[in-house]
Amino acid sequence: MAKRFFVKEFPSTTPAVAEALTEALSSLSATGWISPEKTFSIRLCLEEALVNAVMHGNQNCPECLVRVEMFDEGEHCRITVQDEGEGFDVETLEMPDCTQLGGRGVCLIKEFMEDVRFNGSNNSLEMVFNRSTFSEACA
Amino acid sequence: MSAGNPATMEEQPVLITFDDNGAITVGTIVSTSVLDMTNVAAFSEQVIDYCMGRPGIHLLLDFSNVTFLASSALTELLRIDAALKTIGGSVRLCSLVPDIRNVFEITNLNTLFVIHEDDTVEKARARFERSLAVAAEEDAWSSE
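Protein sequence lines, in the order shown, are assigned to chains A and B. According to numbering that gives the first Met the number 0, the first sequence holds residues 0 to 138 in order. According to numbering that gives the first Met the number 0, the second sequence holds residues 0 to 143 in order.
Label pairs and their calculated CB-CB ranges:
id, chain 1, residue 1, chain 2, residue 2, range
1, B, 118, A, 37, 23 to 29 Å
2, B, 125, A, 119, 52 to 58 Å
3, A, 88, B, 136, 46 to 52 Å
4, B, 135, A, 129, 49 to 55 Å
5, B, 87, A, 8, 48 to 54 Å
6, A, 88, B, 140, 47 to 53 Å
7, A, 59, B, 101, 26 to 32 Å
8, B, 97, A, 97, 20 to 26 Å
9, A, 8, B, 131, 50 to 56 Å
10, A, 116, B, 125, 46 to 52 Å
11, B, 122, A, 59, 39 to 45 Å
12, A, 30, B, 110, 37 to 43 Å
13, B, 12, A, 116, 38 to 44 Å
Capping the alpha-carbon separation at 16 Å, the derived lysine to aspartate or glutamate pairs in EDC-like fashion look like this:
id, chain 1, residue 1, chain 2, residue 2
14, A, 7, A, 18
15, A, 37, B, 98
16, A, 109, B, 104
Just so you know, these hints were derived from the structure itself, not from any lab. Positions of the beta carbon are idealized from the N, C-alpha and C atoms, including for glycine.
If we strip away everything but chain B, and leave its shape as in the complex, we get:
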């Protein structure tokens, strides 16, 4: 749906900030508590634009400020996931409020996305980093 968007892509506020200090980049959704038809396209564009210049990026999306999410946001998360995979990266989610977590369960997308439930952002970041290290060790073993 694009007819009469309230703002062009260029006019959309910054919806996500990135902290790439370490192996995991944390993307925190800011300036909005809602991801819906009015801003999901801009959200996706901002994430993909940031990530595509960083091959192998591992992104942890922090939803702690988000209280509502429409199915259009699920579509964009799938696009983000697919885009990161093309550059050898990955995306995980954390800090979902129960209502949003429920949506992922209803749609079975909790089987596709790793969702760090009940973890603080820092703990989720650490777990994500550890899982990558374990995967790298396993790859090294299997290639010997």
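One chain only, chain A, in its complex shape:
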């Protein structure tokens, strides 16, 4: 049974996102899901997800909220990032070519996470990774 170990709701501003990112990473570290040597990828995934929620989901509206939750599902950790937008189709997103300025965030998340999907029932991006992916624990 999934056990939530982190929840934070915050407005769509840069300082709030930065704070949420720091707190989420601290929580993942404190609960053993990530080790100091392997924070790059998870930090990247979290930042991309949070920034997308603010920019695309909430259209940079400062008053719109983003909600991050993290769940311990035994061998997997599930991170959900919820915004107030319409959602998008994760499956169809492909890595942009070099002529495009942006649009690489979700593709990077898909590269590092075991599973990435959009949950239409609660308008959230879900990212799942295995316990051994970013920690020192062996599978």
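We have chain A; now place chain B onto it with these hints.
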């Protein structure tokens, strides 16, 4: 994302210093080990502001102090690349840590940017300068 930036552009610290002693200008990212949503816009502005007054500038960006880079930084590097091309210049990268190099490979931006892997900054600078000299020689031959 600009709402509630932690500092205005004017308040951002100097994120990059430039050494333009020679044909290649080396831009070293300083005062931060992270290029992300909090500072990439300022980073890009500082680079472009410096370069646009120097037509034909060839910039080598030294990432030796950078341990984290978000995709927003990739976007700004593309802007920098496009801006330098408009003034007959170019940009190359060096001293990327493996995690960052991996991001360039995943995004295929290693096919756009010349990345001096495993070179010291000085070696990268020398190689960059040599490649410009070779290109100039080839241009001279083809125009004869």
